[in-house]
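Chain residues, written in single-letter form:
There are 2 protein chains.
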Amino acid sequence: MIIDCHGHYTTAPRQHEGWRGEQIEAYKAGKPPPPRPRITDDEIRESIANGQLKVQRERGTDLTIFSPRASGMGHHIGDESVSLEWSQVCNDLIARVVSLFPQNFVGVCQLPQSPGVPPKNATAELKRCVKMGFIGCNLNPDPSGGYFNAPPLTDKWWYPFYEKMVELDVPAMIHVSGCCNPAMHTTGSYYLNADTMAFMQLILSDLFKDFPTLKLIIPHGGGAVPFHWGRFRGIALNNGRPELDEIIKNNIFFDTCVYHQPGINLLAEVVPADNILFASEMVGAVKGIDPKSGHYFDDTKRYIDKSPRLDDAARKKIFEGNARRVFSRLKTKVTATA
Amino acid sequence: MIIDCHGHYTTAPRQHEGWRGEQIEAYKAGKPPPPRPRITDDEIRESIANGQLKVQRERGTDLTIFSPRASGMGHHIGDESVSLEWSQVCNDLIARVVSLFPQNFVGVCQLPQSPGVPPKNATAELKRCVKMGFIGCNLNPDPSGGYFNAPPLTDKWWYPFYEKMVELDVPAMIHVSGCCNPAMHTTGSYYLNADTMAFMQLILSDLFKDFPTLKLIIPHGGGAVPFHWGRFRGIALNNGRPELDEIIKNNIFFDTCVYHQPGINLLAEVVPADNILFASEMVGAVKGIDPKSGHYFDDTKRYIDKSPRLDDAARKKIFEGNARRVFSRLKTKVTATA
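Read top to bottom, the protein sequences are chains A and B. For the record, in the first sequence the residue sitting at position 300 is 300 according to the working numbering, with numbers rising by one throughout. For the record, in the second sequence the residue sitting at position 160 is 160 according to the working numbering, with numbers rising by one throughout.
Please note that the accuracy of each hint is not assured.
[To be verified] Sample of chain B residues at the chain A side, in silico, Cβ under 7 Å:
#	residue
1	K131
2	Y147
3	F148
4	N238
5	Y259
6	H260
7	E269
[Unchecked claim] Under the rule of at most 30 Å between Cα atoms (straight-line distance), these lysine-lysine pairs were calculated in the DSSO-like manner:
#	chain 1	residue 1	chain 2	residue 2
8	B	K156	B	K120
9	A	K287	B	K249
10	A	K209	B	K287
11	A	K54	A	K306
12	A	K316	B	K292
13	A	K292	B	K209
14	B	K306	A	K306
15	A	K292	B	K249
16	B	K292	A	K249
17	A	K287	B	K209
18	A	K292	B	K306
19	B	K316	A	K292
20	A	K249	B	K287
21	A	K306	B	K292
22	B	K292	A	K209
Derived from the structure by calculation, the hints contain no laboratory data. Yeah, the Cβ is synthetic: ideal placement off N, Cα and C, and Gly gets one too.
The following block holds chain A by itself, in its conformation from the complex (with noise of 0.2 Å):
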């Protein structure tokens, strides 16, 4: 079984972003929200039949691990109002999409995160989502769009809302949203930025010491960690901290979201398998086929088939086994529907 981490339902009927629109018009002209969007069974089902379902079956994968189109979070427009009732219509599509194709989907919700606002604000959503079947979410630590002023993961603002994903046992995604600073790229710069930004905030800290269970994924594949691995070994151990292996161990993970052969082959060569979790966020960031392969850019299936660093047990744990352990919800999940 392959089972893909990190897909976003980016092809969603356009009656979905078109009342985000709405939403943000209201707020702005000070009246209240539009009624929520009527999407019909038949309009998902041809969206996810053409777009992810497709793609998941052209490139032989099995189960998505689908969330709310995470440029589209927004985080930073409107307040938390606006925030908790987008998070809701997000987190409903895709709870329908679920429901539609539960064999080939399971569910990772979007949070009502603001800027300001305490993310234990946040744990009532997550609650409502997990009761739906979901096993994840995605917690953006940029809640600004760009601008990094949050406190750092490790800060004790983010505690209660660790509480609760512990108490669930579900693990999170940290994932910026759409960028809002004119000095970054969305998919280019502000999301690799905001990986390699989460994984320096985790190392130096005793984040783990008072949550052992607590897991994050760092996508991207960990935006420049891997390629920096000697600089971040040095910079632990100069700090009196034990080797990047111990430290990520039981708690944070990388997603293989890296287009292209020398990227993964490097990925597979500094990271343990234990920790890679496979993943090509399509329909998503970069669209379109290589010229130089053939290949679309985002079929990392392809770069972790040929890659010379990772033998049969080591895929069959980047595929399948570590997306089991991470996401412990989803064997309950998967029986049930199966």
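Starting from the known structure of chain A, fit chain B onto it as the hints suggest.
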């Protein structure tokens, strides 16, 4: 000849940083700045002979392109006049190092940038330094010290400064300073994030159509860029831009401050050898010996010597040829002092 294009004077006599502390205190108290620090030639000789020069000799490198301590530039501290005087003090000290060790060091200057202040105001100090024999500058893309709120490097805001660079025929290394944002670690995430941000700004722009001879060095191996070469290629192609090799050809260069063998191997595999400049950033960001290799993390010459991706011709470019091409004034300088 082996030219290290990225070294900072991190071992300056203590009076130097001492004066900086007094300068900041005076600024806060609304008092005039203290008299400039007195440092003897012998103190400078000792700090270099036991520092960078010793390491140069141990590692078998010949010439370091040398600039003031990057994390000490502190453009976010004080105002434009504070930044100008500190830059002059720092650059004058580099000029003295170079005059004492003309065979081993050549100067690159710090710029008197300040948040919100037009970069063109830094042209006078650049000109002054070039007259003293400096061959380049360090340009800070985020004078705020961690909030990334300056216009992108492709904005007309920077153009008057680029015009002066082109006129004087000097390149810039794009290098931020110490981070005052608690979400980021200066050498662990902030430096790398600025590198990644800068590259992404450049590749979708027409900057090099406006300045065909402008040369920019992105340090620390280009941040996250080589690891995500496929991602950046895909984004560029999707935006109707050419292949990255073509975009960077005459204008964008990466250094080799990547502190492990797999990282250098990747860099050498994806980035054309013509666009890589040898650098170690010693004595700098990562001190200490890698317990796994038994060698200093920042002894990057070893990784280049051992990289299976490089032949002798490529190594010669990386160690010497490219630096001579990018730092056009180096030729005059080295000939003059030889």
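Hint numbers not upheld by this structure, sorted from lowest to highest
Number 1 only.
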